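K.L.:
Residues per chain are reported as follows:
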Amino acid sequence: MGKETLKYYLQMFRYHRGIFLLCFSVSLFLSIAGSFLLPKRYRSQCTIMLEVKGIENPLAQRRETSTDPDQVKTIRNLILSNNRLSRVIERLGLGRSDQSSLKPLDHLEVERLISQIRENIVIDTAGTGLFTITYTGEEPSKVRDITNTLANMFIEENLELTGSQAQAEYDFIQKQLKEYKQRLEYSEKALKEFKEKNICQLPGEANFNLTHLQKLQDELVEVRLKSKELEQKRGILKRQLAEEKPSIVAFVQRENRIKQMQVQLSQLMSRYTENYPDVIKLKAELEKEKSLSVQTTDKENDPYTETSVINPIYQKIKESLNTIEIEINLLQTRQQELTKAIEVYAGRVSSIPAQEEELARLTRDKKVNEEAYETLLKRLAQINMVREMEKTAHQSRFKILDPARLPLSPIAYNPWQITLICIFLSFGMGVGAIVGFEYLCRTIKDESDVQENLHIPVVAYIPRVLTLDEQKQQNRRRMMEGLVLIIWLVLILSSLMRNVFH
Amino acid sequence: MMSFIERALERAAQERKKNKSSMTISRKPSRPSIEFQELDPRIHAMMQDRTNAFEQYKVLRTMILNAGQQNGHRLFLVTSANAGEGKTTTSVNLAISIAQGLQETALLIDCDMRNPQVHRMLGVGKTFAGLASFLRDEVEFSKALIKPPVPNLSLLPAGPIPLNPSELINSRKMSLLLQEVKDRYPNRFIIIDSPPINQFTDASILSLKVDGVLLVARAGKTRMVALEAAIAKLKKANLMGVVLNSIDRPTSSYYYYY
Numbered sequence: 332m333g334k335e336t337l338k339y340y341l342q343m344f345r346y347h348r349g350i351f352l353l354c355f356s357v358s359l360f361l362s363i364a365g366s367f368l369l370p371k372r373y374r375s376q377c378t379i380m381l382e383v384k385g386i387e388n389p390l391a392q393r394r395e396t397s398t399d400p401d402q403v404k405t406i407r408n409l410i411l412s413n414n415r416l417s418r419v420i421e422r423l424g425l426g427r428s429d430q431s432s433l434k435p436l437d438h439l440e441v442e443r444l445i446s447q448i449r450e451n452i453v454i455d456t457a458g459t460g461l462f463t464i465t466y467t468g469e470e471p472s473k474v475r476d477i478t479n480t481l482a483n484m485f486i487e488e489n490l491e492l493t494g495s496q497a498q499a500e501y502d503f504i505q506k507q508l509k510e511y512k513q514r515l516e517y518s519e520k521a522l523k524e525f526k527e528k529n530i531c532q533l534p535g536e537a538n539f540n541l542t543h544l545q546k547l548q549d550e551l552v553e554v555r556l557k558s559k560e561l562e563q564k565r566g567i568l569k570r571q572l573a574e575e576k577p578s579i580v581a582f583v584q585r586e587n588r589i590k591q592m593q594v595q596l597s598q599l600m601s602r603y604t605e606n607y608p609d610v611i612k613l614k615a616e617l618e619k620e621k622s623l624s625v626q627t628t629d630k631e632n633d634p635y636t637e638t639s640v641i642n643p644i645y646q647k648i649k650e651s652l653n654t655i656e657i658e659i660n661l662l663q664t665r666q667q668e669l670t671k672a673i674e675v676y677a678g679r680v681s682s683i684p685a686q687e688e689e690l691a692r693l694t695r696d697k698k699v700n701e702e703a704y705e706t707l708l709k710r711l712a713q714i715n716m717v718r719e720m721e722k723t724a725h726q727s728r729f730k731i732l733d734p735a736r737l738p739l740s741p742i743a744y745n746p747w748q749i750t751l752i753c754i755f756l757s758f759g760m761g762v763g764a765i766v767g768f769e770y771l772c773r774t775i776k777d778e779s780d781v782q783e784n785l786h787i788p789v790v791a792y793i794p795r796v797l798t799l800d801e802q803k804q805q806n807r808r809r810m811m812e813g814l815v816l817i818i819w820l821v822l823i824l825s826s827l828m829r830n831v832f833h
Numbered sequence: 106m107m108s109f110i111e112r113a114l115e116r117a118a119q120e121r122k123k124n125k126s127s128m129t130i131s132r133k134p135s136r137p138s139i140e141f142q143e144l145d146p147r148i149h150a151m152m153q154d155r156t157n158a159f160e161q162y163k164v165l166r167t168m169i170l171n172a173g174q175q176n177g178h179r180l181f182l183v184t185s186a187n188a189g190e191g192k193t194t195t196s197v198n199l200a201i202s203i204a205q206g207l208q209e210t211a212l213l214i215d216c217d218m219r220n221p222q223v224h225r226m227l228g229v230g231k232t233f234a235g236l237a238s239f240l241r242d243e244v245e246f247s248k249a250l251i252k253p254p255v256p257n258l259s260l261l262p263a264g265p266i267p268l269n270p271s272e273l274i275n276s277r278k279m280s281l282l283l284q285e286v287k288d289r290y291p292n293r294f295i296i297i298d299s300p301p302i303n304q305f306t307d308a309s310i311l312s313l314k315v316d317g318v319l320l321v322a323r324a325g326k327t328r329m330v331a332l333e334a335a336i337a338k339l340k341k342a343n344l345m346g347v348v349l350n351s352i353d354r355p356t357s358s359y360y361y362y363y
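Residue numbers (our numbering), protein chains in the order written: chain A, 332 to 833; chain B, 106 to 363.
Bound conformation, chain A alone (with noise of 0.2 Å):
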């Protein structure tokens, strides 16, 4: 506030003052004088003790006995529920002119009743464990009887709850465990199936496949290696056998020749059918023998005669090529199989560390359905016990101390606070009717007012001349206003008296 504008505010209270004063003590007076009708008020209090018991409710293992002031402020929640106080007025019949009149009471008065309680009741801590509820109004056993009903019926429904908690815990565990049961089962089955699936392909087989893979390989490389070889061999009795001539030309007795093709023929027939064609051949040359030696009977002077017989360099040549084609067939056959496998080794190789990562997801499932199984297991073990404690033994957090007792007396206002309060009502009342005044009717003040407002100069400053009536006039005004004065004192002091006997 600038100085100007302090100036301005004792002009306008100096000019003004008869106003202010006018209703400073008008308001002064009807607010003293409104104290003393103020209707007295009881008050009642009831000190509720949160217990500790000696077997400690599982449920509530983390609530602690000191009432800290979220506590009390849920408490006073719970206490001030329109739920609650609506009962209380149902039980205690308020509102009604006639208790036993059965006739419910109107929405809007039950709305009325309940503001009007919750506006007159304090809960408040009391110490460590304790908290009190107290309520202030008009007539001193609905003051008793509210506080000891909304105390009892806290407590009841504190002990309700906690059989409620208990049973809806419990059917939850029970709704849960049945859950975590089909969980569990299925991962179990899940981890069965997919090692029953890749079972030469878990993490542990993972040193015997890569095992196999390289024996596999080597012997692959082996393989081909023979292959080869045989394959060159082979190329060198083909190019033999091409030099070779099946059959040579022999000057033997024919006695002999028949011995040679029968032992020549059962040689062949040791080793292959008689439709083979060396064999029939044979066959026909043999009985062609036959026939001539039965035609020749000089046995003695039996002819050398010019014969064709087997080349058994070539037959020997054939023989051991015959033979490397096999070994080279049967080569081919196992460098396929070894193809074969190398292809499923390597593939399950390759796919271990999948197997890893889904086989670990699997085994996690399980372990954390597991858990979660054990828990809820044990979770309900607790509660049943709880539930079993409950039945033998009714428990409740809260006992009252110190029921409400009937108020005797009317509880005293605070004098100071009551006299205070009228001192600054009227004040303000006096300054607003002043600064109303000014804004209605703005006056002019002094020469400022003329010179900057209006921009006309001031040529003189009368000050006020009073004439002797006038000054027996203000003097018989400061004598109304010391009377005022005085006037003002005795009406604060039998404020003061009044409350200081109530």
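Read the hints as simulated data drawn from the structure, not as lab findings. No experiment lies behind these values; they were computed from the predicted model shown. Fair warning: there could be bad hints in the mix.
Straight-line C-alpha distance at most 27 Å; calculated BS3-like pairs for lysine-lysine [to be verified]:
hint	chain 1	residue 1	chain 2	residue 2
1	A	Lys803	B	Lys326
2	B	Lys326	B	Lys163
3	A	Lys338	B	Lys326
4	A	Lys730	A	Lys473
5	A	Lys512	A	Lys523
6	B	Lys252	B	Lys163
Sample of chain A residues facing chain B (criterion: CB under 10 Å; computed from the structure) [said to hold, decoys possible]:
hint	residue
7	Asp609
8	Pro794
9	Arg795
So the derived list for chain A, only partly shown, Cβ under 8 Å to chain B, looks like this [to be verified]:
hint	residue
10	Tyr346
11	Ile350
12	Thr774
13	Ile775
14	Lys776
15	Asp777
16	Glu778
17	Val781
18	Val789
19	Ala791
20	Val796
21	Thr798
22	Leu799
23	Asp800
Backbone N, C-alpha and C define an ideal beta-carbon position, used for all residues, glycine too.
For chain A, the structure is supplied; the task is to place chain B on it using the hints.
P.N.:
Same frame as chain A, but now just chain B:
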């Protein structure tokens, strides 16, 4: 500073005591029918009050005299926005203050024909003639004038209350009268007391016929809007300034020093 008028007043009081007449004194009357009484208590108190109030009127007088010397202005109108703001008191005090000068004389004309108060303030009893009578040609000017018990001061009272004061003030004769009284004596200053300007048109008419206008406002009573309206009505006149009356403030210690 004890002025001649104060001594005259003291003498008058002594005479009243001698004659044992409490309120009425007999002096050499200008006309036999006029009775002189005590000055208005406010005027008396102001004159007794050797404080700031009387000095402020002297400041005002100085301004008037300077205007007379510099511009030849000797005809001044005193008005206010509304009634009860002290214009008559100011007119009388200003006229007395001018009359106390060594060379100057003052003529106080009461143009408030609706509620004439000047003659009562100066202790003049019932008047039978005045400005209204003169303007209606009922009396000569010299017979309408009154010499109140203040040296160098003449008073032209309003006279009997007329039915048409605005018309009388707006008349040519009124203009001629003002010119005449101004021109007759070069050391005479004419102070005209008029009705409130926001309520009657008389002051507006007169403001155009005078050399200067003094607008009286009462501190704590005159509303800003009323003063603004009054100033607006004096737009064409020579508004010399505002006389702020009834200021409620502690008396200057400077004055008491002397």
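K.L.:
Are the hints correct? Go through all of them and say.
P.N.:
Checked hints:
1. Lys803/A to Lys326/B: Holds, because 22 Å separates the two Cα atoms, which is no more than 27 Å.
2. Lys326/B to Lys163/B: Since the Cα atoms of Lys326/B and Lys163/B sit roughly 24 Å apart, the hinted pair holds (cutoff 27 Å).
3. Lys338/A to Lys326/B: holds (18 Å)
4. Lys730/A to Lys473/A: holds (22 Å)
5. Lys512/A to Lys523/A: Given pair Lys512/A, Lys523/A holds - Cα atoms ~17 Å apart, limit 27 Å.
6. Lys252/B to Lys163/B: The given pair, whose Cα atoms are some 22 Å apart, holds under the 27 Å limit.
7. Asp609: violated (154 Å)
8. Pro794: holds (5 Å)
9. Arg795: Result: holds, 5 Å to nearest chain B Cβ.
10. Tyr346: Because about 3 Å separates Tyr346/A from the closest Cβ in chain B, which is inside the 8 Å limit, the hint holds.
11. Ile350: violated (11 Å)
12. Thr774: It holds, given that the least Cβ distance between Thr774/A and chain B is near 5 Å, below 8 Å.
13. Ile775: Nearest chain B Cβ about 5 Å off; hint holds.
14. Lys776: The hint holds - Lys776/A has a Cβ within 8 Å of chain B, the shortest such distance being about 6 Å.
15. Asp777: holds (6 Å)
16. Glu778: Since chain B brings a Cβ to about 6 Å from Glu778/A, closer than 8 Å, the hint holds.
17. Val781: holds (5 Å)
18. Val789: holds (5 Å)
19. Ala791: Hint on Ala791/A: holds, closest Cβ of chain B at ~4 Å, below 8 Å.
20. Val796: This interface hint holds because 5 Å falls under the 8 Å limit.
21. Thr798: At 4 Å from the nearest chain B Cβ, Thr798/A passes the 8 Å test, so the hint holds.
22. Leu799: Hint on Leu799/A: holds, closest Cβ of chain B at ~6 Å, below 8 Å.
23. Asp800: holds (7 Å)
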